[in-house]
Amino acid sequence: MVSTKLYAAIYVVLFVFATVQVVVEEIGLLEEAYWLAFGLIIALSLIKALFVAGYYQHLRYEPRSLTYLLLGGLLAALALTIASSYSVT
Amino acid sequence: MTHDDHPRDDGPGQAAADERTKPDDGSPRTDGGRATDGGHAGATGELPATGPAEEEHHGFPPMSSVKRWFVTTNHKDVGILYIVTSLLFLVFGGVLALLMRVQLWAPRAAGEGILSALAYNQSVSIHGLIMVFWFLSPFAFGFANYVVPLQIGAKDLAFPRLNALSYWLYLFSGLLLGISFFQGGSFAGGWTMYAPLNIPAYTPSIGASTAILALLLFVVSVTVSSVNFLTSMHRMRAEGLTLRKLPLFTWSILLTVWMMLFAFAALLAALMILSADRLAGTTYFAAADAGGSLLWTHLFWFFGHPEVYIVFFPALGVMAETFQTFTGRRLVGRKWFIASMLLVALQSFVVWMHHMFLTSINLQIKTLFMATTIGISLPFDLMVFSLIYTTIKGRIRFLTPFLFSFGALLLFIIGGITGVFLGAVVLDYEFRGTYWVVAHFHYVMVAGVTALIGGLYYWYPKITGKMYDEFLGKVHFALYFVGFNLLYFPMFVVWETPRRVFEYDPAFAPWHKVATVGGFVLGASFLVMFYNLYTSLWAGEDADSSPWAHSTTAEWAIPSPPPLENYPGIPSYGDGSLSFLDRLGGSDRAADGGEVTDGVDVAGDHATDGGVADDRRATDGGTVATADPATAVERAGGKSHEHDAGDHGEGHGPSHASIWPFAVSVGAFLTLLGLSGLQEGAFAPGLEGGLYMALTGVGFLVGMASLVAFGRERFHGLEGPFGESWPFEGIENTKTGVWIFLASDVVLFGAFIGSYVFMRVASGWTTWEIVPGDPLPGLMNTYLLLTSSFTVVLALVAAEKGSRGGVIASLLTTFLLGVGFLFNKGIEWDHLFHEGLWLDTNVQASTFFLTTGLHAGHVIAGLIVTLYLIVRAWQGAYLEDSGSIEYFGLYWHFVDIVWLFLFPLFYIL
Chain A
1 MVSTKLYAAI YVVLFVFATV QVVVEEIGLL EEAYWLAFGL IIALSLIKAL
51 FVAGYYQHLR YEPRSLTYLL LGGLLAALAL TIASSYSVT
Chain B
1 MTHDDHPRDD GPGQAAADER TKPDDGSPRT DGGRATDGGH AGATGELPAT
51 GPAEEEHHGF PPMSSVKRWF VTTNHKDVGI LYIVTSLLFL VFGGVLALLM
101 RVQLWAPRAA GEGILSALAY NQSVSIHGLI MVFWFLSPFA FGFANYVVPL
151 QIGAKDLAFP RLNALSYWLY LFSGLLLGIS FFQGGSFAGG WTMYAPLNIP
201 AYTPSIGAST AILALLLFVV SVTVSSVNFL TSMHRMRAEG LTLRKLPLFT
251 WSILLTVWMM LFAFAALLAA LMILSADRLA GTTYFAAADA GGSLLWTHLF
301 WFFGHPEVYI VFFPALGVMA ETFQTFTGRR LVGRKWFIAS MLLVALQSFV
351 VWMHHMFLTS INLQIKTLFM ATTIGISLPF DLMVFSLIYT TIKGRIRFLT
401 PFLFSFGALL LFIIGGITGV FLGAVVLDYE FRGTYWVVAH FHYVMVAGVT
451 ALIGGLYYWY PKITGKMYDE FLGKVHFALY FVGFNLLYFP MFVVWETPRR
501 VFEYDPAFAP WHKVATVGGF VLGASFLVMF YNLYTSLWAG EDADSSPWAH
551 STTAEWAIPS PPPLENYPGI PSYGDGSLSF LDRLGGSDRA ADGGEVTDGV
601 DVAGDHATDG GVADDRRATD GGTVATADPA TAVERAGGKS HEHDAGDHGE
651 GHGPSHASIW PFAVSVGAFL TLLGLSGLQE GAFAPGLEGG LYMALTGVGF
701 LVGMASLVAF GRERFHGLEG PFGESWPFEG IENTKTGVWI FLASDVVLFG
751 AFIGSYVFMR VASGWTTWEI VPGDPLPGLM NTYLLLTSSF TVVLALVAAE
801 KGSRGGVIAS LLTTFLLGVG FLFNKGIEWD HLFHEGLWLD TNVQASTFFL
851 TTGLHAGHVI AGLIVTLYLI VRAWQGAYLE DSGSIEYFGL YWHFVDIVWL
901 FLFPLFYIL
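Chains A and B supply the protein sequences, listed in that same order. Just so you know, we're using my numbering here: the first sequence kicks off at 1 and counts up by one. Just so you know, we're using my numbering here: the second sequence kicks off at 1 and counts up by one.
Here chain B stands alone, though its shape is the one from the complex (with noise of 0.2 Å):
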């Protein structure tokens, strides 16, 4: 690539460009990028480099190292584990749709074609599940790793090992259900999974038992990132970035991870149950009773639809981030956008039964869910208007990332139009199992594929540090587009053709036919993606800090790639524009060279909220820091409360390398691989069966042993505050991270127990018989448990007294009450066991069986913990800091909340 064809030259000329980059008093500071979001994204020249070539750091291995993948928990090497690993699922999902694609050149009996009629089946299903969970949302949060602590000006996430054990967890879940397809046939039951095709009496291979166990994992990974997320953008963002300032792209994220937190909830409910029903033998699902496949579309569309948007919102923050900087504007009400995002995050709670209007719901229910579809669409509606009208009051720069993300809106607007048809009860009584259904959510789903694929164009300088190829990247675009639209137009035009179905009328052939040709032009542009990118790592030109003309945010104001801890100080934007703060001392001087504002705006018309690419004014609403009580009175706040930024992690740079994550997660995969040869609660007999034993014990070694080890290891994180934690000021991160993963533990025990109640009320309440015979076994449980509680809250008085004595006589109370509770619950089960009574005996045994196991589980997993602390207590430990005691007072009060309503729903009532 020339310098002349340089994305950065783009505007009124080179020497108006160079202009801007030259400040009147010499300091140096980039083209006008004025602030958007959070404040100015400066220039970089005068930042002390550090190339991630020579970061020897506290023994952590260069790139070049393949050790350092295994080790490494920095967010920017997670960030780019994420987007190569999903890019590979991107290529797995895509071969099966193209398999799918030939199979369906002709209309073909069972048999006919490459593909068998249950390889069919398979491809389907698992074509959905990778595009959605495996390679849709983890390329998304590959760049919400690299990108978003930039934005907020952190060095890393708050729990960095987290962050590498989600990664190792999302990739081993991936791994287990590439295994699937060789353990006698993945799942075939679609990716909605529905019951009762999703049980072993229909889809009877282990393989399919795998493939769940798999999702399983990877809700599990999303949690733990969930609550890592949630604890870094709440509580570690500089100092000045208030939410109302939070770069959108960051804003999206936030929005994401929420939803994430309680969707992916309800979703590990469902799967924990369906996973008891093929591997223990429990009865949800197969119920002929009333309810059984009814719940599971609740399960599954309650976590399926906020998916949705867990799936798009990063998207819409990649197109307002791109949208702002090849436009050179502020996006056009930002903050009603913002509002909008808000408002869909919080409205895809109550929409989820649309996706139920030809089940036996009662009509009541499908018209109020009709109506808050409708009013879903709403928030949409005001986000397109807001991002076509920054096109048209900025001026485009058509370059490949812009291509892409203005390219997903026009195809989101299609998708979004088409999916009004559905919302409607009685359109959707035509239009349920026909290929509009798929046309409309690959419109919509494969829009935010587009947004993003513009997303890595627009980042890939950052990460790499070279410019991939322009051209190229434009018949990249041209290709995508056109083999979209052939691909799912047609679609559209047939769209009677029964879905996951390969046999269709003859007539549309000539459109099925468009159809395929399409896909591969599709899947052909993506060869061109590859090509350019990986080429241009070696042959591409140099990036800068900034390669475009109107960035904004924080991540363009370092070198690319950035140096390993990001920034060379304490960010901050406090005086409403990035700066850097001295480590030392963590006084508000900027440190040598750190100072990157915009040495014209010092005047006094920084934007902070707003502000425009276009030099010197700030127009339309972009809030001017010094004139802005509320932001001088945050500011203020912001200092008061957090003088002290500075003195966070002195004298060492945070650790890095941790081989644990990757450990913790073999064993996962191990003994996940293992389990999924159970059925109906044993292994088969035989040499399989007990490899798969076998399997499952050297799992579970492993994974404990991991986490012992990772329990034990020495790991400096950061603890910050740095400036803004709303709203959790004055809670340490892993105490607000804990009560992040209660809440939504309160979702999972929500579900379950929501899961109980709706079978109950489905076969009729106060005709449901009650498990067990006798109160009495469960309020002598209660006793226990009630009294455990009391000792932990013994154990942290004494810690806070420094008394050695009292901490471990209290911790081995509570431990020994625990194990009473679950010794008197195992003398109940024992009991039914030789009543009769079985998991599979009838959906009440197995709602009791299964909810009060899934408590004794966390009962078990609490004692496991407990004798941990009760070592380390001896050691002498939590005298000093009772930080550790506490948030496990935490977890182990919140088993006894959950118990109190079991105790009486399982057994008195």
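In isolation and in its complexed conformation, chain A is listed as follows (with noise of 0.2 Å):
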């Protein structure tokens, strides 16, 4: 299993990049180049779910098999979100 040490760091980088992205905001950079920021907000959300689903839901180190039934539901909800949005552009 992962050392307490682990999980701790990986805290102060959940904690930091729920931070930049408020800072991405601050600075102006949503009003500058909207999508660009878009891009990086969700970018870093994407990547602290991962941390937590990975370390914290100990998804690693469990059979894959409880990756790819998450995948599952994820992939459902954007062919969803996709598509339908797709559908009225």
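Calculated directly from the structure, the hints in this document are not laboratory data. Owing to the predicted nature of the structure, the values given are computational and were not obtained by experimental measurement. Glycine is no exception: its CB is placed at the ideal position from the N, C-alpha and C atoms. Hints are supplied without guarantee of correctness; some may be wrong.
Residues from chain A that face chain B, not an exhaustive set, calculated with beta carbons under 8 Å [what the hints assert, rightly or not]:
hint, residue
1, 7
2, 21
3, 38
4, 56
5, 73
6, 81
7, 84
8, 85
Every beta carbon over 10 Å from chain A, so not counted as near; a handful from chain B, in silico [claimed, not checked]:
hint, residue
9, 64
10, 69
11, 95
12, 362
13, 382
14, 388
15, 528
16, 729
17, 825
18, 836
The two chains are supplied separately, each in an independent frame; assemble them into the complex guided by the hints.
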């Protein structure tokens, strides 16, 4: 298993990333280049989510089937979101 | 019934049949049912039969006791409850249908005839809802409950109490629906509940809200059931019973449940949003802006199209099963049949917009979905030909179950072909909203019913231990088939009749009269069935373990009805046929009297994956177990990781009784009944409003107290694994269940976030104004939630180190951080309210409050569990077994992850 130290280090990373997301907004990047800032902020969320799922939920150390299970749910949600949004463009 | 027309006597003569039951070595075996599915299901002559009447088990009442049915968690009991209850709903939905048909006897203006205009609309709507939700799926799941554990060689499902909970939630959701008629009228906006008809402006009665809440409760029941079945079917299969060898009915249920898990989560989201619109005053579907009514169709049909297969697959499973049994032939192309089902299950999630060809979605996406729709018909073609070819290669025995199954195939072919018309965009422009659609989907859905009725006759002897009357069964089929076609075929002829409307062109009247007559013939056929099945309970001939000559699945290897714990020992297909391993010590010895393999096959030609009912030959690709390296490897693997199968549940059998599933459901029922009185977030002033408020409060207390009692009750379930548990080897049942639940929660939140994205895209992404003016409260909450996730991790670490103080301190910190999160959110919301922003201010506010509110609800639920864990940890729990903390952590981290996306989406971007 993972050491408490690593858990703590991940916690710090999560904390910092959350702060960076707000900083991106505060420095006005959203106004300047919305989609760049959008990509940056979502990417940071994605990385945070992967850390939580991979280590706190220890998916990294579980059989891969659990990861696929979750990815299946995610895929369904994304299919709904993307296809429905595209349908009204 | 005389012995001579006993269904078993169907072959070349009784002597030959008798011969088949007497193997050379004198050991018991049955007719040539050689291992079609998973192995051989053989005779039961020496099985220690314990009839249900003598099962005084851990204080578990006998079947004759009323109490038994309130406390039972046994899968067979729950299966019977499902079947009986769903048949009651069939009658309910059927009577509504007959009322419509009487009204349609002649084209009449509103108010003429037996139904008022609104009563007609309610009949149409609730007929649809009942038949699709409260009859069809639960009817199929009655069989699934009864048969699937038997077919996979399990003594029960993984979570027997959750199974009972599913049933009681289902029953009470149905009662709620019934009550809705007495609250100023039930929902009258059609079974598809299209927006904006579904909001109070157009369907203002309280009963309409109750109907929506009833469906919501039903969906909760389905979700619980999905988690339970998936865990059981993946984790608790007998040794040697790999997925490839799974019987076809079980395969169909497995895929059904997977579709249910994801599809119903989308419906849950849709219904939660709709409930919020109706009760709390959000404005998703009232949206005067772009998107509101389209959003509903997207959410509903993203669920609704897989739902077609969710309803139809179990019927397909019954057809496959009965075609094999009554042709004495392994299903032709069995492997491809399974592959087709798998393909359809996947494809079912990418065809939903063919229900939306007449909406304002763009032409590109319509074209794409027309293509995917045509694509999904292809695997069905393969399945249909597989069934047809099986009848050609086998020798058909026209007994009642087969008649219904075969009838179902014919009806389904007509339903399928007429559906292709609707899948073409240009034709749909013409056909949409007409009786073509009505006729088409009744030919599909009621074909499913037809097969399931076949299943009822098929498994009736197994469930009751009695034979039904074959003659009356055939009479039922004749009336049913004639009635069905008289009812639905004329609808194709006068397809220009507008759907859901009681006025039509008088020129169509003769055909509608024919349809009405057909409806009554179809209804009357069920009277024959009820009479037959009811009287046969007493007057029927006793059924032995298998009344069918060529049955091959495991449920036919044990007495009818099966004993409480199904099998005398641990079922195993390790050597290619079904045998029972000694309970004690987990050795591979067959228990005394438990060996039911076909003695003839031992030389090495058991067909495990195929095989035929015809004796002594494995034909048509029936894999020969001993010669199949893959099987040998799987078998070895199965043994290596499951040598201690016999150690599980030793010393005492599983528990069977718990009243708490019933009590929790009563609580949920009262709560939702109370909530139906909400409008715009408040109860009406006066006595009525007070009553609804009181119901909500009482229901909530009953529900919470029962949940705590449920959690505290000592209940010994079955852990497993017992052999095969791909792909969740090494992950305990509860953990598997939690993950599967979380996967459905991903879709739930995904649909909420998707709704937000959709509404925002529809009204212009960058012009959308974010509700909170300041991201800092959101950032604070992100910090709080991240920290609470970290403390849950610390709690688990402390538990593993055996530190009671550490566990309590960490959990307590988690609790306080969670409360801090809610407190902070409360301040923020209060601030927004004071700025004049309310749930119904605009769609931006609606999406903000509802999505983050759903998340807050998850936090509250987590905090309640945390409190419970703290109390238990205080009492010294979790130091030996930290499972509960780990499983709670999985949930809590998931809630954290959701916030990681909600925060930027609702506060920054």
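The hints, checked one at a time:
1. 7: holds, 5 Å
2. 21: Result: holds, 6 Å to nearest chain B Cβ.
3. 38: holds, 6 Å
4. 56: holds, 5 Å
5. 73: holds, 4 Å
6. 81: This interface hint holds because 4 Å falls under the 8 Å limit.
7. 84: holds, 4 Å
8. 85: It holds, given that the least Cβ distance between residue 85 of chain A and chain B is near 4 Å, below 8 Å.
9. 64: holds, 43 Å
10. 69: holds, 35 Å
11. 95: holds, 36 Å
12. 362: Its Cβ does come within 10 Å of chain A, the nearest being 6 Å, so this is violated.
13. 382: Since the minimum Cβ distance to chain A is about 24 Å, residue 382 of chain B lies beyond 10 Å and the statement holds.
14. 388: Given that every Cβ of chain A is farther than 10 Å from that of residue 388 of chain B, nearest at about 33 Å, it holds.
15. 528: Holds, since 43 Å exceeds 10 Å.
16. 729: The claim breaks: residue 729 of chain B does not keep its Cβ more than 10 Å from every Cβ of chain A (closest is about 7 Å).
17. 825: Correct as stated: the minimum Cβ-Cβ distance to chain A is 16 Å, above 10 Å.
18. 836: Holds, because the least Cβ-Cβ distance between residue 836 of chain B and chain A comes to about 24 Å, which exceeds 10 Å.
When each numbered hint is compared with the structure, violations occur for hints 12 and 16.
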